[in-house]
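Full structure from sequences and hints, please.
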Amino acid sequence: MSGVLTMGSLDPAFADAGNVDGEPVVLDLRAVEFVEPAGLCGLAALLEFLIPRCEEVGIALAGRDVPAYLERMNFFRLFGNRVRTNADVASLEERRRHNPGTLQELINFHTEEEIPGIIERISEILENQGYRLRERVAICSVLSEICANAAEHGASSFGAYAAVQAYHHIVSGPRRRGEEVLIAIADGGPGVRETLARNPALAEHTTTDNDALRHALEMGVSGTGEIGRGGGLALVAGIAARSGGSLSLRSGTGRVTVYENRKNSRNVPEFPGTFVRVSLPRTPQEKTPQ
Amino acid sequence: MPEERAHRIFEVAGGDFGGKLMVTRSTGRAVREALEETLAALPKGGTLYVDTRGVELMDYSFADEALGILASRAASGEYGDRHLVLVEEDRDLLENVEASLRQRSLAMIRVDEVGGEPAIVGEVADHLVATLQTIYDAGSITNAALAAKLGLNHTACNNRATRLAKLGLIHRRIETAAPGGRQYTYERVV
Chain A
1 MSGVLTMGSL
11 DPAFADAGNV
21 DGEPVVLDLR
31 AVEFVEPAGL
41 CGLAALLEFL
51 IPRCEEVGIA
61 LAGRDVPAYL
71 ERMNFFRLFG
81 NRVRTNADVA
91 SLEERRRHNP
101 GTLQELINFH
111 TEEEIPGIIE
121 RISEILENQG
131 YRLRERVAIC
141 SVLSEICANA
151 AEHGASSFGA
161 YAAVQAYHHI
171 VSGPRRRGEE
181 VLIAIADGGP
191 GVRETLARNP
201 ALAEHTTTDN
211 DALRHALEMG
221 VSGTGEIGRG
231 GGLALVAGIA
241 ARSGGSLSLR
251 SGTGRVTVYE
261 NRKNSRNVPE
271 FPGTFVRVSL
281 PRTPQEKTPQ
Chain B
291 MPEERAHRIF
301 EVAGGDFGGK
311 LMVTRSTGRA
321 VREALEETLA
331 ALPKGGTLYV
341 DTRGVELMDY
351 SFADEALGIL
361 ASRAASGEYG
371 DRHLVLVEED
381 RDLLENVEAS
391 LRQRSLAMIR
401 VDEVGGEPAI
411 VGEVADHLVA
421 TLQTIYDAGS
431 ITNAALAAKL
441 GLNHTACNNR
451 ATRLAKLGLI
461 HRRIETAAPG
471 GRQYTYERVV
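Line by line, the protein sequences are chains A and B. Numbering-wise, this note's numbering puts 103 at position 103 of the first sequence, and it's gapless, one number per residue. For any residue, its number in this note's numbering is found by taking its place in the second sequence, counting from 1, and adding 290.
Hints in this document: simulated from the structure, not taken from any laboratory. Just to be clear, a hint being listed does not mean it is correct.
Claimed, not checked - A few chain B residues that face chain A, going by a derived Cβ cut-off under 7 Å, partial list only:
{"no.": "1", "residue": "347"}
{"no.": "2", "residue": "349"}
{"no.": "3", "residue": "389"}
{"no.": "4", "residue": "393"}
{"no.": "5", "residue": "394"}
Quick reminder that beta carbons are idealized off the backbone N, C-alpha and C, glycines included.
Here it is as structure tokens:
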């Protein structure tokens with residue numbers, strides 16, 4: 001595992017997760033130095049998958065920064081009594097009491113009705129960080145559409161996890177100057193292919209997970225086939241691409257990433273649900289040639 | 291000039307729906323139901339101004355549920371001879387309204403403020419744009435006069451204007467007193 005906890009860095013763990021059969025499992029995260037929202041949501045989804053299938057799930061962490069960050073993200077309050085860890089959670093909690101954060105914590109939600117409150121909180125945090133109305137609107141409408149998809153199509157025992165983080169440098173790819181907002185959402189629902197397959201008109205687009213993902217990113221494609229449906233994800237991908245960022249959609253063994261002028265698909269270890277990661281760099285000064 | 295008609299203004303950000311951040315289909319449904327109630331209370335021929343200027347964010351799901359479905363029901367005649375006009379400036383917020391209406395091949399009249407110059411949001415078929423423009427330029431025009439201006443026969447002209455009336459973009463009035471029987475007159479909504 002590399003120093004950054006991303007969705008991709010969890011691939012080996014997801015590949016193995018399908019083979020667990022009751023025995024205790026420990027996720028070794030000792031090499032992690034930095035956790036991005038996608039890694040946090042991915043980890044949450046992975047743990048939700050493992051916990052009911054294992055006698056005991058542990059996570060091994062090293063140093064102070066990563067455990068402290070996970071604590072600030074509310075991670076141990078969501079998972080503390082369900083996973084074993086070598087980190088001294090009690091002392092971290094004690095420290096936080098004197099240091100109230102302004103960050104958005106890992107969000108666990110189940111229904112559409114919870115979304116307006118989530119959006120309001122994120123909008124407030126972004127406003128406090130100096131994000132202008134136009135930028136907040138772009139970020140929040142991305143978040144609300146993906147949350148709504150997760151709440152509507154992703155019905156699962158744990159609902160969905162969302163994480164948002166604004167950075168004062170670019171974290172996607174090589175670190176460089178600029179700012180970037182990362183949004184990630186993971187649910188444990190039936191996945192994109194199964195959802196779209198409910199619409200018989202889409203039969204020829206749902207033979208593989210990657211086919212289904214590519215098709216889900218087209219305007220007006222939905223599992224119900226109702227007119228007006230299936231616009232959210234296409235518009236969200238458009239917002240991300242226009243900002244010079246990207247949108248990654250992952251479900252089953254497929255993963256599609258949309259950039260401004262290209263789209264990548266690749267086969268990945270099975271993800272039990274749907275996962276979305278959106279990168280929104282803060283422009284316009286980002287457009288300078290490199 | 292067009293007749294004076296009843297109108298009402300509905301401020302979307304003014305209600306108890308979510309203030310300035312309008313997201314999700316369920317919020318959109320609540321707003322649509324309130325709009326439908328206001329619309330039903332209007333006299334026939336009336337216009338409902340849907341004022342979204344106080345809204346900061348409207349996601350696609352909200353826009354489709356509140357305005358896309360509302361426009362679709364209006365176009366199918368569900369609200370009788372009552373019209374919808376969007377009060378909104380030309381800003382980013384319109385993108386999701388535009389996307390929803392285009393998905394549905396529908397359009398709405400938009401004004402910057404009540405009494406402002408009308409514009410279109412959504413999709414109007416190319417061949418109808420000139421017809422719409424001519425009716426708005428005239429304010430009120432008979433089918434015969436419109437047909438002459440557009441160089442169309444009366445039936446073709448009537449078909450186009452009927453389509454625009456069905457979309458809720460113009461008023462259509464029947465005058466029976468005209469020599470030769472029925473005569474349609476088309477009027478701008480605002």
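Each hint, compared with the structure:
Because the closest C-beta pair between residue 347/B and chain A is about 5 Å apart, less than 7 Å, the hint holds. Interface hint status for residue 349/B: upheld, as the beta-carbon distance to the closest one in chain A is roughly 4 Å, under 7 Å. With 7 Å as the threshold, the beta carbon of residue 389/B comes within range of chain A, its nearest partner Cβ sitting at about 6 Å, so the hint holds. At about 5 Å, the closest approach between the beta carbon of residue 393/B and any beta carbon in chain A falls short of 7 Å, and the interface hint on this residue holds.
At a threshold of 7 Å, the smallest CB-CB gap from residue 394/B to chain A is about 6 Å, leaving the interface hint in force.
The structure agrees with every numbered hint stated previously.
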